[in-house]
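The chain contents come next:
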Amino acid sequence: MLNIVVCIKQVPMVTELPWDERTGTLRRDLASGMMNPACKHALEAALQIKEKFGANVAALTMGPPAAEEILREALAMGTNRGILISDKRLAGSDTYATSLILAAAIKKECPRCDLILCGAYTSDSETAQVGPQLAEELNLPAAAYAENMEINGRTLRVRRLVDNFRETLEMEFPALVTVSMEKYLPRYTTLAGLENAFVGGNISIYDADDLGISDKATERQCSRTHVRKVYLRKAQKENVVLTGTAAAVVNEFLNKYENKISAAIGKTIEEKKPGNE
Amino acid sequence: MNKKQKSIWVFGDYRNYFQNRVTLQLISKAVDLARLISAEVCAVVFGHEIEEWIMEYTAHGADRILAIDHPSLKSYSTENYLTLIEKLAREKDPEIILIGATDFGREFAPRLAKRLNTGLSADCVGLDITQEGLLVQIAPSFGGNMLAEIVTEKYRPQMATVHPGTFKEIPHNYERKAIVERLPLMDKLPQPRIRLIEYERAVAKEHTIENATVIVCGGRGLGNKNNFKKLDELAKLLGGDVGATRPVVYAGWADHKALVGQAGKHIKPQILFSFGISGAIQHTAGLGEAQFIIAVNKNPPATMMKMADVAIVADASDVLNTLIKELKKRIRE
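Chains as they are written, first to last, in the working numbering: chain A, 1 to 277; chain B, 1 to 333.
It is worth saying that the hints were derived from the structure and are not from the lab.
Remember, it's a predicted structure, so these values are computed and weren't measured experimentally.
It is possible that part of the hints are untrue.
[Claimed, not checked] Stretch by stretch, here's where chain B covers chain A in the computed footprint (C-beta under 8 Å, at least three residues):
1) 93–100
2) 159–166
3) 171–182
4) 221–229
5) 238–248
6) 257–266
[Said to hold, decoys possible] As a list, the in silico DMTMM-like pairs of lysine to aspartate or glutamate whose alpha-carbon atoms are at most 20 Å apart:
7) K92(B) - D187(B)
8) K74(B) - E170(A)
9) K328(B) - E271(A)
10) K74(B) - E271(A)
All residues carry an ideal CB built from backbone N, CA and C; glycine is no exception.
Take the sequences, apply the hints, and build the full model.
Shown next, in the form of structure tokens:
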């Protein structure tokens, strides 16, 4: 039976963005979280493989204690177990440190794992770097943006679209794949499933000491990059306000911006001459 | 002894037109940065029959080209390219490596950074040099709503992938000269673990709402499902796609596939029409890259109206119907 690890992440709902002004990082402890949408696609891919070939699927995450919620959600979707790495000393890790920490957890908990799946990117920092860096850390062959996976014995075949080329790649297990947002639409989690996952469920929680990385993985020593400043993107919009009846504003809008709209749609919009109704 | 000449490397990504352009844009920015830290600009290119790229990189501003031309490098291979550039970087110790944030670059650069034990920032939309000579990497987050200034203080090279279109390429000058180092393929290239089975240019870029040029989005302000459905007609006239906010998807006016925002699609149209949308951040988180926004809403202080290029204060449904009627009269194919 295959052993699959799916790396998932809790991301903040963007209704509130509590930045720590001092460190320039997000106060994840203050934000209410949800499972990163792309991670759900990776989970779905794992569960489809489980249904077809039989597999043990573990969901792995790093985050504050509250990140246990997304492991419960993953259990409700159908994963066999959840692993949470939670340690204040690991907060603010960049992708270099994060991939090192996740690799340590995988080596400890799933040393014989065949396939590691990650989402394509996270909705918060959007680096898409942890998957490839985790593959490097574990010295595995890897493919990003997978739209389809087929398994034949120990061989994994991945189809993907990269830079407008369709590619079919093959590699032997163990391997790492990041899953495209285009395919593997996540299944619906039933309330009953969620309830069961919150009552029981196999979840392990570890800190840096448990993983044997407390000396090298804590933030300022391990992270290669540091955030100096975070700010809202400046609006540089003219913000023209049009008021009046629907007929008047549509007319004014089209006369003023027909060039812009024409260029975008590739068709000419004629200007209305006064009185040619 | 003289201090070693600092070098800014740009990775030569050239597989399609778009990838080639971002390489030229990065060479241009590297020329600016190089002046500030007294460095040379070095383009690194691997492949087979790559004279065209050597010529282009020279014409667009590179001072030096490191080229490895070999039949075994004919098709793109992340693994082979990693082996080659890692070896070169260890030998020559560049100060900065810039890589286009193409699909290839975003898979390649993270592994390279890890191998070189250094930092990497993703999809940067700006680069600068601090007074101390550090590379400032300006990277977007939260759907482009926030920008972070990132530095790699203690490790070298400083690495960034850069969003295509961020910088303007220098016009070509085919009289320019560069030092071209044609390097041999290393003796023992490890056997790749990934086999390329099939490879073809995608016929046409698959149309999705994420790459649509025109998008018409609707929210609860349209009043009801019938009014919302009129968006289809406008989208058809403009050759665009229909997007929706979360309340509208929950109300069953639109399919989940049309959901634009944090939990849905991130869009980057040239033109975005927004009808009856207040602009909750769950929605606007997906709009970071919309270029020109027209918002229609009865309520002028709505967030969506504030962030629009053109804010039309009127009933969303009335304007939608009138706009469809007018466009039908005025559009010439």
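Original post:
Which of the listed hints are broken here?
Top reply: Hint 10 is the one this structure does not satisfy, whereas the remaining hints hold.
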